Each structure stands twice: as structure tokens, then as C-alpha cells.
Amino acid sequence: MKNRAAAETIRLWAFLAVGLSIFAVLGTRLFQLQVLQWPEFREKSDHNRFRLIEIVPPRGVLRDRAGRLLVTNRTAYSCYGVPRELWRDPRGMELLNDVLGMPAGVLAKDFVQPNRRSFVPIRLKRDLSFAELSAFEELRDQFPGAFLEVEQKRSYTGKLAPHLVGYVSEVAKEELGKFPDLVMGDLVGKRGLERIYDANLRGIKGRRFSMVNALGQEVGQAEHLHSIPPEAGNELWLTLDLNLQMLAESLLTGKVGAIVALNVRTGGVLAMASSPSYDPEIFAGRLDPRNWAGLMRDPQKPMLNRAVQTMYPPGSTIKMAMLIEGLESGAIDKDWTVSCAGGLQVGDRRFKCWKKEGHGRVNSLRAIEGSCDVYFYRLGLQIGADGVYRALTRFHFGRPTGVDQTSEAAGLVPSVEYYDRRYGVGKWTKGFIPSISIGQGEVLSTPMQLCAYALAMANGGIWRQPYLVQGIYDPRTQRLERIPVQEPQAISAHPDIIELAREGMIRVIWGDAGTARGQRDPDVKIAGKTGTSQNPHGEDHAWFIGFAPVDNPIIASCVLVEFGEGGSKAAAPLSRELMKRFVLAETAGDRPPEDVAEAMD
Amino acid sequence: MPARLGALDYWLFAAIMGLVGIGLLANYSTSVAEGELAFSHFDRQLLWSAAGFVALLTALSLPAKFLRSLAYVAYAVGLLGLLAVFVAGDVQMGARRWITLGPFQAQPSELAKLTVLLGLARFLTDFPRDVGRTWLTVTAIAMALVPMGLIAVEPDLGTSLLFPMLLFIMLAWGGIPLWHLLIILTPVIAVLTSWLLVLHMAVLISLLVIVWFAARRILPLVLTAALYLVIGSATPAMWNKLHPYQQKRLLTFLNPEADPLGSAYQLIQSKIAVGSGGLMGKGFMAGTQTQLKFLPEGHTDFIFSAWGEQFGFIGTMVVTALFLIVFWQGVRLAARCHNPFYSLTAVGIVGLLTAQAMTNLLMTVGYLPVTGVPLPLISYGGSSLIIWMTMGGVLLSISMRWREY
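Chains L and X are the protein sequences, given in the same order.
Its first residue numbered 171, the first sequence is counted upward by one per residue in the numbering used here.
Its first residue numbered 867, the second sequence is counted upward by one per residue in the numbering used here.
Just so you know, the hints here were simulated from the structure itself, not pulled from any lab data.
Note that the structure is predicted; figures quoted are calculated from it, not measured.
A portion of the hints provided could be inaccurate.
Said to hold, decoys possible - Residues from chain L shown here face chain X by an in silico Cβ test under 8 Å; the list is partial: (1) A175; (2) A176; (3) E178; (4) I180; (5) R181; (6) S191; (7) F193; (8) L196; (9) R212; (10) K214; (11) I642.
What the hints assert, rightly or not - A few chain X residues that don't get close to chain L, going by computed Cβ distances all over 12 Å: (12) G887; (13) A917; (14) T991; (15) V1004; (16) I1007; (17) V1057; (18) M1183; (19) F1189; (20) N1205; (21) T1237.
Cβ coordinates follow ideal geometry from the N, Cα and C atoms, glycine included.
Based on the provided sequences and hints, a complete structural model is requested.
Rendered as C-alpha cells:
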């Protein structure tokens, strides 16, 4: 027993001894660092302080299909300040407030006071104007806590294509979790290509060490510590044609609407314009809240990309799809004729043809040529709501095309289930069918969807996914990474049937009764289809879809003019002009040598 | 005998609460440095210290015997928590250490510290006649190695290394033979000496001599030699299996100047922060190293550096003294406990607290590699704070009941 007590005493003292010696080691070390070596460490802390500064790489540029620059960067100056230092000197802060053109007291109240104990510089204002810069330089002795920092800013060629490019702005606080390498104040893509390809465009941050004095102000480079240069963002090589885009935008000037043009051979988007437009520069630097509010309040919604984000009834443009379903299902044959006397009575309702005096006897080709509504009312009643649904979904209506744009609308193709859901099983009648048979009523489509449909008609029944970015180019490795697109899909219909419907589109321009016979052009032979989208809120919207040249199409296009009334008057001339200029440029020598991406392969 | 509040060890209580208070001050200063405005990490730490205080009072009022009856269940729950990390853990910064419970994220490895401690204390006192038998020691080793392994693969190497330390402390206190302790230490010694063959062999021979005189049997001798040689020769291969960042940390520790931008950045900045604090410190919230964000991880692993910069040698001595009070009072409490479970639990708590604190503190002054172990009761982190305050409560509870048998 005594033995055991002795052993326990030894154990206790052994534990205490080991513990105490470790504490002694720590205490001695702290005495050494904090008392004996204090002068040395104070010196390091005071004079040899270096700060890690992140270098934001230049964002990747955007090029058109010929390598021409669409979006690039330019240098801008931002003003930073050390809050703790600014806070000490109210007079200097007031002066800086005026130099930066802020409303009185904003600098102190919103920027400095909340961080007044902080040595860490914060950005006070982005993208200083020339006047602000000169005033700053002149008075900089008055506010030693502030300094300028060079930053990159987006710059747009001719303010083109803001809708599809999108814009960048400062990352939102809630988004920071998604982007681990970003800090407050960094820029990210918010819409369009800038957003979709943000990770490719952003590049990799570099870092450098700068010497800072006791106030946290930069006093020079820390030469002995090597910096890591940033890696520039990758370039986006688009399918867009800068000249055609410019033309499309100018054709829409003063109108509300959209133009889409696709490369028939690839599905690449050659032009995509939406009007009214806005100046993308206002997002490039600091965003003036007044500009933003103005854009948001504008009743014409200039921020909206009408080419992919808005849906309209496609009107008569769908008549080829209807005809193809009628023939493919065997409900009619190509010699099936209908007599049009200007309207059709279904139950207690009369559906009018757009041509009051009627078309007389029309067969399939003449129905497309003259866009006879009665023919398609009858055809619709023959094939039923299911038939109309099949006719449209065959051409990928009712779902997004998958073009690389944000918030693409899906459109709507009403199915039997849709009507059952909406009105109840058995509570709706065939009375809906005539309307949707001519693309009115519930049927909705985006200009992009209609253009993809025009493309499939142009090449005899191959549907291609529209896309804007053909590849991502890494300027360091000089390698191009192709962006995969969906495989082309053959439209499920007999080639002869598609050919017949396509013949109808040629007759729209070249037939005696063609609704767009005014658009004949001897230089470039085009084909197409007009359409009118009934608008309960005002004048009807005008559609035209088409392709050119007829023999070997290279371009398909879709034009929408809101409140344009008839497609033949308002939309078809724009489409003709667009396609003609493109075809002439492509066939004459002044086309861009090749697609840049093709040249790379 | 009912516990009386008068018997409470007020030194211990004051030291624990003092450390929590210092933690809040340090967190406040670093939270300002990081420019957080609404609901900063200081606010959260404040909330958690309130929760931790409730946990402390609860543990304090529970009879420690109650803990003994729950010890194995607790051990199992701790293991389940670690397994849950694998199934439903959240990955942050490349490691899977957290599980989400409603709005909170919990770190089961913190809970495991308490539960493994209780499990070991119960097990080592359940078989008083078998103390010193090999099976008991081997089972105890397994009880510590399983959670250690689970935590090591998260990966959280720093925390996992605390478990062998805890095991060693409890076995040493539990009165097992010297040669058992030597065998447990063998892998560590083998790893540390494996880089130089001559040293490796010399140490092996002296180790075998000591084991022979302690055990006077052939089997322990063979076991020691085998363990030593296998671990020693496997070390180079294990080294290659470490994550590059772990290798870098160890190399950096050996030669900090080699990589002043990478891993050594923390070490250098930490030493500058502590050293430039001087005798009196730069003053509360006036630490330029911390406020200018030179010091990385200023509110977690390197919070002591932020503290040392602001309050100088006097401030660091206060922290050291508070840890010393807990250690001193705790070990003496363990020695006078009548109940062996109480005694072992108490020594486990103060032993682990001191081991973890020293692992962190000696790291911030450049004496140990950067292992990413937080400073108990002070570093930011809800799971850690609440578990350590609970353990403090258990210790205080034992201080009121040391006469019970």
C-alpha cells in the first residue's frame, strides 16, 4: 500500500515536471521573441511589411468569326482609400468627397465610417473621369489616405450586340460563396455570353507583393519577393459576323423588334439583334444608379433580348410545318384542295381568312404561296390538336433551342394535355384548333426558334442547334477548344414532303400570288414566308422568315417587327436586305478569308 | 455525498472563463480586421460561448458517475459522428470535416475528443486487476487509433495526432508498465529518426536495451524491434503519400526561409506579429500585422499571434499562466481523486487541453510545424468552443466530488 502511494506521488510529480518544462519552453521562447528580439521584429513589422496584392487579369476578349474584336478591355483608374487614415482627417475627406463627385457626406457616411478602424484599403470609386483624375492628382497631398489603382474595364466595338454579349458588374455578396477566388469588388459576368462563359473569360488572378508603410499605403514593390503574373482570360471566338450584326442593328433602328440570322451550314448565329438597344458602356465601369433605373423603367424594355427572351404567336410562318404534318400523317395529299371564300364557319364561330374576298380553290402549294388561312383551318381540323402539336414539335418549337444565351424562353406548343389541364377534360372544343393552325392563340415562339425552323427548311430538313461561340481560344497555348453542339437532327418527314413545303416558300416571293412578291431581287434569289402575330394590345406584329440563295442556301433569317402590321410590308424588306448583303459579300471576294476557327483546323 | 458549490475549484473556474473571455476579445479584434460588418465571426463566437456556458453549467451539475455510465454509449456516438462525416459531410477547403445540422455546421472530430476520452477512462478503470496486461493496453490503443484514423483521412492530420497524445497521457496515468509506453512511443521515434540510417540504428539499440531492462522478456523485445524497423522503413513511402501541402508544411517548418511566399508565409508573419508586440503590445485593435491582414488565419489557428501582437509579452504571459493554472490544478485534482474514473477523466481533460494548447502555441512561435490545430477555448469555432467548455464543466464537476468513491 505504501508502495502504491509512493508510485502515485512519483507519477504526479513526473506529470507536473513534464508539463512545467513544456510551459517553460513556451515562456522562454515568448520572452526571446517579444522582449529580446523585439527591436528586430518591430523593425520588420514597421519597415519591411509587404502586402499581398491580387492582380486581376485582363478579361478575355470576344472576336467575331473573322477574328475582328467585338469586346475588348481598356485601362481605367479607380480610387482606393485606407478608411482608418481618411477618418482621422475630416477636412481631407470632405475634399476627396468633392473630387470624386459624390453627394455631400456620402464618402464619410457610407464608405469610411463603417470601416473607420480598418487599415485595409477599400475601393471608393471605379473608373474615374479625366476631370476627376486631374483634380485628384492636383490635390492628392490633401488626402494621403487615398490612392489610385489601375484597373481594366470592358470596351465595346461600336456598342454592338449588347444583348447577346451581356455585361459584367461587381459580384454580389450572396454570390461570393459560388466563386471561391473572388472578393468583394471583383467583376463577374451577369448576363449573356459574359455570364455563360464567365469562368473562361475571367482568367486566373496573379499576385504581387508591395511594400506598404505604417499607414498601409503602398510605397513600392517588394523586389525580393517574386510576384506571380496573372493569366489572361481566354478569348471567345464567336460565329457572329460583325458587318452583318451592324447591318441588322441599323435595319432595326427606330423599330421595336428582333433579327436573327443563322449560318445554314453550321447553325452558328451570324447576327442577333434586338431593338431598342442600350449602351453597354454604362455597365462597363461604375454603374450609375440613375442609368440603371432608367433602363429598368423604360416601357420598351431595352434590356430585353427579344431574339431569345420574348415569345410571340408565330402566325402564318408555321404553315409549312402544318403542311408537312398533314402530308406526312396521310391526312391529306398534295392535291387536296380547299375552296376559300374569305372565311370558315366552325360551330357558331366564323374564322376569317386574311384575304376578305377569298383565295378561291387552293391546293397545298397555292395555300403557302398566298398564305390561305381557310386551307389551314381545314387542315388543322383534319389532323386535330394532336396533329398541330406534332407539326410544331417536329421543328423543336416549345422548347429552348439551346443557344448559348441566358434566360432563353421555351415558347409554347399547346398539347391536348395542356388544354385538358387548363380547361378541364372534355370542357374544350375543336374551336381552338383553327386559331392554333395558323399560329395564333396559345402558340408562342421566339425569333430564334423560328429562325432555326427556317434553317431546317432551307437545307431540306436538317435541324441544327443555334450557337454563338464556336470555340474558346487560349492565347498562351494558342489552342482553340471547340464548344460542342448537339448533333444535327433530321426532321422526321419524307424529303419530298419537305421539298414541297420548301417550294411553297419560293413561291411566296416568286409566285404570281406570293404574299412577298415585292421582295424579288434579281441578284440574290431568296425564299421565305410572311407572318402576322395578332396582338390584342395594339397593331399586329410582323414576321418574316427566309433563306438565301434558293439554290444553295447559306443564310437563314428571321425578322420580327413589333406593331409592324403585315409581315410582307414591315419585316420582309429587312430580311431581304440582310440576306442579300450577306450573300453578295460571301460570294464576292471581300468575305472574311474563312472562319478563323476553320483556318485553325 | 452531495456535491457542494463551496468545494468547486475556483482557480480552475476562473482560468477557464478567463481563457474564453480572452478568446472573445481576440476574436473581436480580428473580426474588425477582416472588415466584417453584420453578424461577424465575433458575434457568432459570442453566441457560441453563451451556448458553451450553458453546456459547462450542465456538465458541472451532473454527477461524474453519470458520465461513467454513459461512457461507452458516448464513445459509440462519437464514432458514429465521425462516420457520418463520410456519408453526409460537407467539403470545405479540400477537407471533409463538417456535417450540417440545420443552420449549423458541426465538427464531429471535436465531439470525438470528449467521447474517446470518456470511453478510455471507463475502459481503463473497468478492469483494475488487468492493468498492465497486454490485452488491455492493446484494446485501449485500438480505441484511440480508430477515431484517429477516421479523422486522419478527412483529412485533418493535426487533430488526429491529438488522439495518440491523449492515449499516451491516459495510459501513463493509468499505471501501465514502462515498456508498454515505450512500445507506444516506438513508431514516433522510428519516424523521427528514419532520415539518417546511423541514427536510426543507434536509437534502435538503445531502445531495445531499455525495453529489455523494463520487461525482462523476449516478446516485447521482438515486438519493439519489428515495429521500429517496419515503421522506419515505411516512412519514406508514407512521406510520398502525404498531400503536397502537408509535405510543404513539414519542410517549411524545418527550413522556413526556403519558401517565404508559400507555407512559410504564415510562420514568418506569425513570428513577426508575436515579436513586434514587444513587452506591452501595440494596443487593442492596433496590431498592424493583424489589421493589415498580414497574418493569415488570424482568428483560428493563429489567434494567439494576433493576441501577442496587441498585448505583448504581458498578454501572452497571461494566456500562458491561465493554461498553466488549468494544468496545475487539474493534474493535482486528478492525483487526489478517490475514484479512478474521475482521476483518469480529469487527467485526460487537462492532458488533452495542455497538449492541444501547446501544439498550437509552439506552432505560432515557430517551434512546431503548422498543423492547423486551433487554440482551445480561444480560437474561433463553435464545435471546438462548446466541447472544450463542456470538458471544463466535467473537470469542475470532478473538483466538487473528488472525495466520492
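Hints and how they fare:
Checking A175 (chain L) against chain X: minimum C-beta separation of about 11 Å lies over 8 Å; hint violated. Against a cut-off of 8 Å between C-beta atoms, the interface hint on A176 (chain L) is violated, since the closest Cβ of chain X lies about 13 Å away. Hint status for E178 (chain L): holds, given a least beta-carbon distance of 7 Å to chain X, under 8 Å. Annotation: I180 (chain L) was flagged as interfacial toward chain X, and the flag is violated, the nearest CB pair being 11 Å apart, outside 8 Å.
Interface hint at R181 (chain L): satisfied, since its Cβ lies 7 Å from the closest Cβ of chain X, which is below the 8 Å cut-off. Because the beta carbon of S191 (chain L) sits about 11 Å from the nearest beta carbon in chain X, more than 8 Å, this interface hint is broken. For F193 (chain L), the interface hint holds, since its Cβ comes within 8 Å of a Cβ in chain X; the closest pair sits about 5 Å apart. A least Cβ separation of about 6 Å between L196 (chain L) and chain X falls short of the 8 Å threshold, and the interface hint therefore holds.
Checking R212 (chain L) against chain X by beta carbon gives a least distance of about 5 Å; that is within 8 Å, so the hint holds. Against a cut-off of 8 Å between C-beta atoms, the interface hint on K214 (chain L) holds, since the closest Cβ of chain X lies about 5 Å away. Given hint, I642 (chain L) at the interface with chain X, is violated; its Cβ is 27 Å from that chain's nearest Cβ, farther than 8 Å. Annotated as non-interface, G887 (chain X) keeps its C-beta farther than 12 Å from every C-beta of chain L; the closest such distance is 20 Å.
No beta-carbon of chain L comes within 12 Å of the beta-carbon of A917 (chain X); the shortest separation is about 25 Å. With a least beta-carbon separation of about 15 Å from chain L, T991 (chain X) lies farther than 12 Å from that chain, consistent with its non-interface assignment. Against chain L, the non-interface label of V1004 (chain X) holds: every CB pair exceeds 12 Å, the least being about 22 Å. No beta-carbon of chain L is positioned within 12 Å of the beta-carbon of I1007 (chain X); the least distance is around 20 Å.
Every C-beta of chain L lies more than 12 Å from that of V1057 (chain X), the closest at about 20 Å, which supports listing it as non-interface. Once the 12 Å rule is applied to beta carbons, M1183 (chain X) is inconsistent with being away from chain L; the minimum gap is 7 Å. Remark: the non-interface label on F1189 (chain X) conflicts with the geometry, its nearest Cβ contact in chain L lying 8 Å away (cut-off 12 Å). Against the 12 Å criterion, N1205 (chain X) stays outside the reach of chain L, whose nearest CB is about 14 Å from its own CB.
No beta-carbon of chain L is positioned within 12 Å of the beta-carbon of T1237 (chain X); the least distance is around 16 Å.
The structure fails hints 1, 2, 4, 6, 11, 18, 19 (numbered hints given earlier, in ascending order).
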